[in-house]
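A.B. asks: Here is how the chains run, residue by residue.
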Amino acid sequence: MADILVFCEVAGGKVKGTARELLGKAKELADGGDVTACLLGSDLGDAADGLGELGADTVIKVEHDALASYVPGAWAAALSQAIEDNNPDVVLGAASVLGKDLLPRAAALLEAGVAADCTDLREGDDGIEGTRSLYSGKALATVSVNSEPKFFSIRPNSFVIGDVEAGDGDVEDFEADLEDDYGYEVVEVESSGGDVIDLTEATRIISGGRSLKSLENFGLFDEPARLMGGAIGASRAAVDAGYATHSMQVGQTGKVVNPQLYIAAGISGAIQHLAGMRTSKVIVAINKDADAPIFQHATYGIVGDLFEVMPMLTEELAKVLSD
Amino acid sequence: MKIGVLLKQVPDTESKIRIAGGGDGIEDGDIKWIINPYDEYAVEEAIRLKEKLGEGEVIILSLGPARTLDAARTALAMGGDRAVILDEDAFQGSDAYGTAKALAAAIEKEEIGIVFGGRQAIDLDNNQVPQIVGGLLGWPHATWINSFEFEGDSATVKRPVGGGSVDVVKVSIPAVFTCSKGLNEPRYASLPGIMKAKRKPVTKYSADDLGVSDDVGADNALTVLSDFTPPAARPAGRILQGELSDQVAELVKLLREEAKVL
Ligand SMILES: Cc1cc2nc3c(=O)[nH]c(=O)nc-3n(C[C@H](O)[C@H](O)[C@H](O)COP(=O)(O)OP(=O)(O)OC[C@H]3O[C@@H](n4cnc5c(N)ncnc54)[C@H](O)[C@@H]3O)c2cc1C
Ligand SMILES: Nc1ncnc2c1ncn2[C@@H]1O[C@H](COP(=O)(O)O)[C@@H](O)[C@H]1O
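Just so you know, the protein sequences line up as chains D and X, in that order.
Just so we're aligned, residue 1 is where the first sequence starts under my numbering, counting upward by one.
Just so we're aligned, residue 324 is where the second sequence starts under my numbering, counting upward by one.
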């Protein structure tokens, strides 16, 4: 039995999909212990409502003006104070862009350790332990944490959550004691526009390589990605050639993704690319070279020219998914 | 100003990784050791800052076994001024927290005023040490930066935060920054640079010097790795056959009915 606190990220007034995943897993691992959801922000609106359905027994809302935008020092102070007050055995958070930045600093304030970017969690001999992927996915290891509490950050989409036993979902406010100035001011947010799903959290991804030959040709992926509710990624060769932006790069020097479905079209499957996507549940390779290394990692492969295959795939997806 | 660079030596990504006998680590026999690629951006940005200021000192800080000095020498050959190496036995086996504790103590001891590190070390992909250093020193940190403008008592940086958004942030100095691809093009070490690097000073501190004996080393680690295994081989995939259009129809059917991911 363990008391587990889940740091839930909020976007657009609602908790993110990763919160559902982590609360569900927490409920399973708590084994009768308390599951607490913790939300941070300046105005959380009704984001705390309904989290009982996802498994939370308690929901802690930490609202403060200093938390209006992501300021690492302020967020780490607020989160560590809420954790100290709640005194859980385990803290879970997503290994998202924000989670990777925040959790180590929040944990350090409590002299606690973080098992980072875990792809699995389970009950071990000494409490909850995790699995980590190391050396670009060339090794796996068990990670245990010797501190109170134990922090784990979890690679998004690591768990498929079925039915979860509902918790009470009682909402409490926690007043964090924060300073006015943490020496970090977000002066502007540049956006490439639209409501783009971040690659690291996407459940379906379609990625293209150098073979796409132009920025315009990446447009071939817009419709299938929209139909699947997915995001578009790219190899480094495509990014370096200017066909895609760096925020789309998957791999060692790009993003680590973990979707249910990863479609690699015209990507050779270099080790550095694999480092970013090899934990995907299902990998589809579309490549005209039957010997391309990507086929050794693919669940399904089509040997063919992507410029022929993509329009057919779009049409087929439209047939089955548009209604 | 003293400019610190956090630098870790890691296996080249092309290196073959073999699990050591008992599964408690990897064999480091045939590994080619390199500077963590992201830390090269940190070295470059530190040198550029010194060049821009026209004064100051670039100090390479690295914790690791004796071979770490090779990576530090390479950074000195690029243009770093001196190195602080934490290679005493007591430091070996430190986890992210212990490593950060030692590095933060060295930063204080050296009176360093700004720190650059890499976005993550590509061996264990922890992505933690610089944030912890920031937390321990009480300095702001900004991770994953791909643009850096120094303005004296602050710097304005850009950091991609996902979904195509970029935060433009003004950070007060002293601060810790972690560098991402796109920030700069790291320079190569020149031949004269390599010659000069051999004579550049290297300072070593013990865990006692830094007052961190109770935090560093395997015995004090808060996170422990065990049971190393190679990744499970993926079951052999299925290469579809037949007319291309039939293959595509079959693929979509398999994704829906067999894999259930659509
Ligand atoms: C330190 C370091 C870090 C790196 N980090 C990354 C990283 O983060 N991400 C990353 O992706 N790479 C990274 N790389 C680069 C990596 O090694 C490869 O060079 C890169 O992934 C290749 O991209 P690609 O597959 O698009 O291009 P290529 O290797 O050129 O492969 C193109 C593929 O497309 C196929 N093809 C061509 N035309 C068609 C067509 N019409 N239809 C179907 N198939 C076609 C070809 O058969 C080939 O397999 C890194 C390299 C280094 C050294
Ligand atoms: N042993 C170390 N010595 C010096 N710097 C380190 C060390 N470990 C990590 N760092 C720095 O912290 C960054 C992130 O590393 P990590 O948290 O291990 O992924 C690296 O890119 C380095 O800049």
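Honestly, the hints are just simulated from the structure, not real lab data.
The structure displayed is predicted, hence computed values, not measured ones.
Virtual Cβ for every residue (Gly too), placed ideally from N, Cα, C.
Be aware that one or more of the hints could be misleading.
Under the rule of at most 27 Å between Cα atoms (straight-line distance), these lysine-lysine pairs were calculated in the DSSO-like manner [claimed, not checked]:
1. D:Lys288 x X:Lys583
2. D:Lys281 x X:Lys375
3. D:Lys213 x D:Lys288
4. D:Lys319 x X:Lys583
5. X:Lys432 x X:Lys325
6. X:Lys583 x X:Lys519
7. X:Lys325 x X:Lys339
8. X:Lys355 x X:Lys504
9. X:Lys373 x X:Lys576
10. X:Lys432 x X:Lys521
11. X:Lys521 x X:Lys325
12. D:Lys213 x X:Lys504
13. X:Lys583 x X:Lys375
14. X:Lys373 x D:Lys281
15. D:Lys288 x D:Lys319
16. X:Lys432 x X:Lys519
17. X:Lys373 x X:Lys527
18. D:Lys319 x X:Lys576
19. D:Lys281 x D:Lys319
20. X:Lys375 x D:Lys288
21. X:Lys504 x X:Lys375
22. X:Lys493 x X:Lys375
23. D:Lys61 x D:Lys16
24. D:Lys281 x X:Lys339
25. X:Lys583 x X:Lys325
26. D:Lys16 x X:Lys583
A few chain X residues that don't get close to chain D, going by computed Cβ distances all over 12 Å [claimed, not checked]:
27. Glu337
28. Arg396
29. Asp418
30. Lys424
31. His464
32. Lys523
33. Asp550
Covered by chain D, according to a simulated footprint, are these stretches of chain X (three or more residues, beta-carbon under 8 Å) [what the hints assert, rightly or not]:
34. 481 to 491
35. 526 to 535
A.B. asks: Take the hints in turn and mark each one as holding or not.
C.D. replies: Here is what the structure says about each hint:
1. D:Lys288 x X:Lys583: Between Lys288 (chain D) and Lys583 (chain X) the Cα gap is close to 26 Å, so the pair holds against 27 Å.
2. D:Lys281 x X:Lys375: Given that 27 Å is the threshold and the Cα spacing comes to 48 Å, the pair is violated.
3. D:Lys213 x D:Lys288: The hint holds at about 14 Å.
4. D:Lys319 x X:Lys583: holds (17 Å)
5. X:Lys432 x X:Lys325: holds (12 Å)
6. X:Lys583 x X:Lys519: Violated. Lys583 (chain X) to Lys519 (chain X) sits at ~61 Å, over the 27 Å cutoff.
7. X:Lys325 x X:Lys339: Measuring from Cα to Cα gives roughly 38 Å; hence the hint is violated.
8. X:Lys355 x X:Lys504: With a Cα-Cα distance of about 22 Å, the restraint between Lys355 (chain X) and Lys504 (chain X) holds, given a limit of 27 Å.
9. X:Lys373 x X:Lys576: Measuring from Cα to Cα gives roughly 59 Å; hence the hint is violated.
10. X:Lys432 x X:Lys521: Given that 27 Å is the threshold and the Cα spacing comes to 24 Å, the pair holds.
11. X:Lys521 x X:Lys325: With Cα atoms ~21 Å apart, Lys521 (chain X) and Lys325 (chain X) stay inside 27 Å; holds.
12. D:Lys213 x X:Lys504: holds (22 Å)
13. X:Lys583 x X:Lys375: violated (56 Å)
14. X:Lys373 x D:Lys281: Between Lys373 (chain X) and Lys281 (chain D) the Cα gap is close to 47 Å, so the pair fails against 27 Å, i.e. violated.
15. D:Lys288 x D:Lys319: Holds: Lys288 (chain D) and Lys319 (chain D) sit about 25 Å apart, inside 27 Å.
16. X:Lys432 x X:Lys519: holds (26 Å)
17. X:Lys373 x X:Lys527: holds (23 Å)
18. D:Lys319 x X:Lys576: Status holds; Cα separation ~11 Å.
19. D:Lys281 x D:Lys319: Answer holds: Lys281 (chain D) to Lys319 (chain D) is near 24 Å, not above 27 Å.
20. X:Lys375 x D:Lys288: Status violated; Cα separation ~49 Å.
21. X:Lys504 x X:Lys375: This hinted pair holds, its Cα atoms lying about 21 Å apart.
22. X:Lys493 x X:Lys375: The given pair, whose Cα atoms are some 19 Å apart, holds under the 27 Å limit.
23. D:Lys61 x D:Lys16: Judged against 27 Å, a Cα distance of about 15 Å means the pair holds.
24. D:Lys281 x X:Lys339: Roughly 24 Å separates the two Cα atoms, so the pair holds.
25. X:Lys583 x X:Lys325: Not OK: Lys583 (chain X) and Lys325 (chain X) at ~56 Å, beyond 27 Å, violated.
26. D:Lys16 x X:Lys583: Roughly 23 Å separates the two Cα atoms, so the pair holds.
27. Glu337: For Glu337 (chain X), whose nearest Cβ neighbour in chain D is about 7 Å away, the distance does not exceed 12 Å, so it is violated.
28. Arg396: holds (24 Å)
29. Asp418: Label violated. Min Cβ-Cβ 6 Å, cutoff 12 Å.
30. Lys424: Lys424 (chain X) is in fact no farther than 12 Å from some Cβ atom of chain D, at 9 Å.
31. His464: violated (6 Å)
32. Lys523: Since the minimum Cβ distance to chain D is about 29 Å, Lys523 (chain X) lies beyond 12 Å and the statement holds.
33. Asp550: Incorrect as stated: the minimum Cβ-Cβ distance to chain D is 4 Å, not above 12 Å.
34. 481 to 491: Three-residue rule met by the segment 481 to 491 of chain X, so holds; n is 10.
35. 526 to 535: Our answer is that it is violated, as 0 residues pass the Cβ test (under 8 Å) against chain D, missing three.
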